[in-house]
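Q: Letter by letter, the chains look like this.
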Amino acid sequence: MNNVAAVELVNVTKTFGSVVANRNVNMDVKKGEILAILGENGSGKTTLMNMLSGIYHPDEGQIFIDGKEAQISSPKDAFAYRIGMIHQHFKLVDIFTAAENIVLGIDDGKFDPKGISKKVEEISAKYGFEIDPSKKIYEMAVSEKQTVEIVKVLYRGADILILDEPTAVLTPQETQKLFAVLRQMRADGKAVIIITHKLHEVLSISDRVAILRKGEHIATVNTAETSETELTELMVGQKVALNIERDAPQGCLDRLTVSHVNCVSREGVKLLDDVSFTAKSGEILGIAGIAGSGQRELLEAIAGLQHLDGGEITYVNPKNGEIVNLRDKNPKQIKELGVRLSFVPEDRLGMGLVGNMDITDNMMLRSYRRGKSMFLDRKRPKNLAEEIIKSLQVVTPGAGTPVRRLSGGNVQKVLVGREIASAPSVLMVAYPVRGLDINSSYTIYNLLNTQKRNGVAVIFVGEDLDVLMELCDRIMVIGSGKITGIVDGRSCTKEEIGYLMTKTEKAEEGENA
Amino acid sequence: MKKEKKSVKTAENTLPSAVKKTERELPFYVVKRGDAEQTFGRAALIRASAIVIALLLCGIATIFVTGDNPISIYATMFKGAFGDAHNLWKTLQDLAILLCVSLAVTPAFKMRFWNTGAEGQVLISALATAMCMFYFGGAVPTPVLMLIMVAGSVLAGVIWAVIPAIFKAFWGTNETLFTLMMNYVAIQLVEVFLKVADKSGSNTVGPSLLKHGWFPELFGQKYLLNILIVAVLTVLVYIYLKYSKHGYEISVVGESENTARYIGVNVKKVIIRTMVVSGALCGVAGLLLVAGTSHSIDSNLVGGRGFTAIMVSWLAKFNPLMMVLTTLLLVFLNRGSAEVTTKFGLNTAYSEILTGVILFFIIGCEFFIQYKIVANRSHKLFKKKGGSENV
Chain A
1 MNNVAAVELV
11 NVTKTFGSVV
21 ANRNVNMDVK
31 KGEILAILGE
41 NGSGKTTLMN
51 MLSGIYHPDE
61 GQIFIDGKEA
71 QISSPKDAFA
81 YRIGMIHQHF
91 KLVDIFTAAE
101 NIVLGIDDGK
111 FDPKGISKKV
121 EEISAKYGFE
131 IDPSKKIYEM
141 AVSEKQTVEI
151 VKVLYRGADI
161 LILDEPTAVL
171 TPQETQKLFA
181 VLRQMRADGK
191 AVIIITHKLH
201 EVLSISDRVA
211 ILRKGEHIAT
221 VNTAETSETE
231 LTELMVGQKV
241 ALNIERDAPQ
251 GCLDRLTVSH
261 VNCVSREGVK
271 LLDDVSFTAK
281 SGEILGIAGI
291 AGSGQRELLE
301 AIAGLQHLDG
311 GEITYVNPKN
321 GEIVNLRDKN
331 PKQIKELGVR
341 LSFVPEDRLG
351 MGLVGNMDIT
361 DNMMLRSYRR
371 GKSMFLDRKR
381 PKNLAEEIIK
391 SLQVVTPGAG
401 TPVRRLSGGN
411 VQKVLVGREI
421 ASAPSVLMVA
431 YPVRGLDINS
441 SYTIYNLLNT
451 QKRNGVAVIF
461 VGEDLDVLME
471 LCDRIMVIGS
481 GKITGIVDGR
491 SCTKEEIGYL
501 MTKTEKAEEG
511 ENA
Chain B
1 MKKEKKSVKT
11 AENTLPSAVK
21 KTERELPFYV
31 VKRGDAEQTF
41 GRAALIRASA
51 IVIALLLCGI
61 ATIFVTGDNP
71 ISIYATMFKG
81 AFGDAHNLWK
91 TLQDLAILLC
101 VSLAVTPAFK
111 MRFWNTGAEG
121 QVLISALATA
131 MCMFYFGGAV
141 PTPVLMLIMV
151 AGSVLAGVIW
161 AVIPAIFKAF
171 WGTNETLFTL
181 MMNYVAIQLV
191 EVFLKVADKS
201 GSNTVGPSLL
211 KHGWFPELFG
221 QKYLLNILIV
231 AVLTVLVYIY
241 LKYSKHGYEI
251 SVVGESENTA
261 RYIGVNVKKV
271 IIRTMVVSGA
281 LCGVAGLLLV
291 AGTSHSIDSN
301 LVGGRGFTAI
311 MVSWLAKFNP
321 LMMVLTTLLL
331 VFLNRGSAEV
341 TTKFGLNTAY
351 SEILTGVILF
361 FIIGCEFFIQ
371 YKIVANRSHK
381 LFKKKGGSEN
391 V
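Protein chains in written order, with our numbering: chain A, 1 to 513; chain B, 1 to 391.
FYI, nobody ran anything at the bench for these hints, they're computed from the structure.
It is possible that some hints are incorrect.
[Said to hold, decoys possible] Here are the computed distance ranges between Cβ atoms for each label pair: (1) A:F16 with B:G41: 51 to 61 Å; (2) A:A180 with B:V31: 51 to 61 Å; (3) A:G435 with B:T173: 34 to 44 Å; (4) A:R404 with B:N69: 46 to 56 Å; (5) A:Q176 with B:N258: 35 to 45 Å; (6) B:P216 with A:R266: 55 to 65 Å.
Don't be surprised by glycine CBs; every beta carbon is placed ideally from N, CA and C.
For reference, chain B alone in the conformation it holds in the complex (with noise of 0.2 Å):
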């Protein structure tokens, strides 16, 4: 096919002397992987070949490190998550409130509204709830307070997301600094709470000064309560999102603004439902928190599970049923460490460090199932020896 190529000189003789030779194109492209490459079969495999390697480079570099046995350290982080019964209801319990976390911002972040206060949102509504227990409790019926209890922490939810929605609505303020800074604000409230509630300057309000409203246990299972109600809520947001009107608001207001204003979609509306939405849901996870798990409140108490929400829900790509996997790898990958951290006597440094190398190969590997990369045939690396490579 090919016609006869005239001889090839080298660059060099026929440059004009004026002509400085610079090399300005790389060795490699980033290629965006075409539609029939992009298979659930290649993802799945990426994905697997990513954690292998990131548990052989942390086995690897135990080895050098400590001197254990990296197979008996995963083997131990496996039993930490799952091991026993004991241990494998408090992972799904762990499992359900970030799972509840995640759902709230879920709606949130698919309208591409950065809320970065779910934490807060949480926090506030859990204090809510402490309060209901704190001056309700003992006073009227305990549904009564139940009532009361799971009405308050929605509220506190609901008022503390839906204020800066209706900023960005009507101002445009930045919603991320906003949310961000609405955080703090539930913080110095909890601050508050503690020094009226317990005059012994203790850092939290316990079980013994919330006795009330506490969860019923189901079968025996303390968290079994908490665990149902988030798999419930977590099928009504895959509906909302997939299969309702308000759902397909979201998508299209956060694909583009433009095309919402163009089919007429009240853009403030949206945004201001969504976050109504998205409180309630924060408020839910600080009732769990709360009435259905520590039965106490103290400023730390959400532990960053607002913004470990984030991580869940983007890597899930906003769905909900897939963020019961990504919930499941980030609570087993924390109870797990913390497990090899008492059972070898480790730094909790070195548990976080190897959490960290997995996630970053996890969330890394997300790159090559988009993209690939591709030898630049021009360039002089190749020339020599010609042809191409797929790495």
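Excised from the complex, chain A in its bound form (with noise of 0.2 Å):
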């Protein structure tokens, strides 16, 4: 390892009208070097990268590459500096072959494929990446495409690599085979850049990690010397205890029933393939799984809002132990049986709230029907709108004001406050911590634990592991609409869970064969 900076940010400034996305940042990245950025949502960190691959150009401070000043004005410049980027979102064709995409908008002249599957391979035996090159995209799995774009970058030569939340879309063990690649680019004298916000992938691939807050660069440590709680302290500016209070589950009764329910989509692809389970009060359910497995059509068909191909849905109501079934009901029907479900979706302002409306009226949206008048009710919405925003501690101007004017984490205050407003006995949640920052993230877990306690049935989609690890009482997990296995959130390990969360496709691969 030497001791040239591969790149150097010296007091970099970028500024969008009076939003300033990045301020004074300085940092640097050797050769041989695995740099992590770590910040939360809005901090800054993609911004920063942005600069270096050239898509965005600094208002002020400069950029120093191999000790020499660059001025990226292109991602075209940025290549000619051997920095290349891997997005979040890839940028590929997806009717073009790997060896195709990877050659796309190289100018030289001649497009010679043998050529080119020769340097792919010989790129993939270095770093060690399985890559078929005359696979087309869309026959790819998501890892497949993160490799595609990886080595499309390196066939370029990039020396600098940036990847952008990469292990978003891995199972754990894709994740190590990644990790496993990074580090040989480490050992091949490369400077990796990786963006991400998991504490504990930073901690296990990284040699330092620079920490973004608020736009600035609030300090760079060495990752051997620090620990977890150091860094979300750093990154969060304030003492944050990380710990996930898990009571016992206590008097669990069959609350919901799912059993071989089918649900097929418009162009005939099984979203549901005989899903059977059973949610209990007074635990947390939580259903792991790669994004797309089908979680959203699940808790879609429990909430009345999917289509049903076969299968039932039963709920014992808690009251009279009454069975009640919800198959081919919508959500008004399920309401009016005296089903009490509540259902955090996914898509929070395009599903459980309305953006353009104020805290009010999107309080009203569970509850407008009550009564016989024609006419709205606005005064109990707006009592529950303010005892909600004081509770939770929402930061809005008022109830009035309309809901997309709030950030990401007060959004999700007012939607889980509404839902848990009505005394639900089933309470579902999709990723209700995407994009929130860490103690907002935090208040959600203890209204789910809260709700438990209360004797409510929490069922609960999320994508970090570590989390449903520490939060969940069973997770269940789902792989291309399929339950592979409930395991106990105890005592599994997330390699257990990786493996089930792959399994059914690794089964359709085995047919195919």
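Assembly of the complex is requested from the two constituent chains, each provided in isolation within its own frame, with the hints serving as guidance.
A: Here's what the structure looks like:
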């Protein structure tokens, strides 16, 4: 490892109008080093990296590449400086093969498929990738697409790699593979920058960690000398208790039973495949799985928003033990049956709330039908709105503010607050902390725990396995619309869950072969 | 505060030879205004300055093109719209009809149902009114005739509006095209009636054939009843949209159909019900046009109000009370420019151009109410001078 900084940022500032995205950022990455950039949503991580990859240009400050000042005005300039960025959202042409995508945009006057394949294989062998250059993108799994993106950048000779949240779409096993590749690159003398907000990953992969908070560079620490607690403190700016309390579930009774539910999309794809499970009162049932494996459809099926092609969903009324069948009922009918079901959907402003309406009117979404009058009663919703603003500490100018003007965490507090206010006996939440800062996330976890203690059957769809394993009593794993296993939240391992997440995929590959 | 910078070298010296300098960023950004900046006062100021700039521009153009004094042109416009009692009543009457059609399209637009068929919905109601007057006039007592006319015109408007709504709700057809095409069907039906009712081959069926069922004059004012009816409707629609459960459902469906499904709103039902309301209001507009105003029918009776109404509704952001003002603006421009054309002996096109320019500025200034333009400090244009300026 030599000590020449591959990239050095000096006093970099970037503003968008009155919004300061980055202010006087100073940091550097050495060759043969993995630097993690850590920060909450909106802390300016991506803007900073976009300045390195030529998408933005800093207002003030300088960028030095290999010790020389650089003017990076376009992605092309960035390539010339051997900087390659792997974006969170892949930029690949679906109907092209891996090789075609890799050479796309390289203007060297000729297209030589054999030569490309050979070079791609060389790169793969060097860093331990598994890639089939002739495979089309649309046939690929997410992790393969990511591999193509990385090879694409290496093919162009990048020495400085920037990866924006690369593990968000990967299973634990795939993440380990990616990390092995990154370590190979480090050994090869490349400078790697990885943007993430998962602390344990930061600790396992990086050499140093740069922490951003509200656009400012707070500190750079050596990974070996730090801890999760210290990193969180630097990131948030105050002490945060990272422990989620988990009481033993009490008085568990079957509350919601899903049996042999099938669901087929319009295109004939099986979204849910013979799904059966039971949610019990007084416990949190976690649902883990790769994004898009049927989690949304499952919750929507229970909430009465998804047509079922088979199976039953039954609910046990806690008051009189009556059993109610929820199949083919819409949300209004479900409510009229006396089922106290609350649902915090993944798409907060597109489904759970109306962005252009104020908090009071959003409170009314669930209750506006109350009463025989043809006119609305805004008094009760207004009181509820003010109560929620107070009890959950929603930051807003008032109950009359449109919800879309609130920050992500406050939007979620409004939504969760409303859903909890109806005293549910089943509470379903989908990715409730996505995009939230750490403090808001813990507020939400605490709310879920309170509901559990009150005897609510909580169903929690999450993406962060560490959180699922800390919060949930049982974790159900879903893969390609099938339930691949239900494990105990206290005794399971991450590897076990990771294995279950990909179980069906592997089985299918076997069948095809 | 600022730390010392390293010496700034010029970009060209340090660039590797392979790098071609490309300027990607624009010298200006468009930035959305924050909440604090979107105050009522600032919005009013922007709107007022838009009108002033439009008037100045039109004035300068007028001096160069026609040589007329722009101030006297504007004065004539004003006189034409509000100058004397006759003009004032005519303006109020025009306002009432246009406002009535605008009220009709508003619930649908609030629901994001792009109804471009108000023209046809009003025309078919006018036809129904005229047919009632033609066939039942004299045969039944006037109060009964009035009732039949009201029922007929409202029913016709509802049928014309609800057909596209049903197709949209159940089969997802495109309502814009559907409602638009229904306009032509209505025009052709009017043509058929003209042939049948007036054997002379005239292209209108006039007051001489539609003698019965005219709206009575109130206090000697021909149009007062129309104006009162529309005033009441304006308040009713405002209350319906803002305070009723139906109005709330309309907003939710319009903002997000997924949210509507999530809370168990029957979206199909809301679409159809809202178009029934919309069609019924178009029915009233048709009734007012024939029985309350012209006592005649022809295929151009509605005269594009069905489309102008869309602009009125949008400009007022679907608020029926604000629509009184936006309607007034459009009617004023329309009546005023007609007066200018006759008084100054100008081509009709010229006054329409003036109207168009003024409208362009008024609609265009909405952009500056929501956004502002800010200099990009990293752009080379500002590098030498430094600092930023807000425009």
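Q: Against this structure, judge whether each hint is valid.
A: Going through the hints against the structure:
1. One distance hint, 51 to 61 Å for the beta-carbon pair A:F16 and B:G41, is violated here, with the actual separation near 26 Å.
2. At about 44 Å, the beta-carbon gap between A:A180 and B:V31 misses the expected band of 51 to 61 Å.
3. At roughly 37 Å, the beta-carbon separation of A:G435 and B:T173 lies within the given 34 to 44 Å, and the hint holds.
4. Between A:R404 and B:N69, the C-beta spacing of about 49 Å keeps the proposed range 46 to 56 Å intact.
5. Taking the beta carbon of each, A:Q176 and B:N258 are about 37 Å apart, inside 35 to 45 Å as hinted.
6. Range check, B:P216 to A:R266: about 58 Å between beta-carbon atoms, so the 55 to 65 Å window is met.
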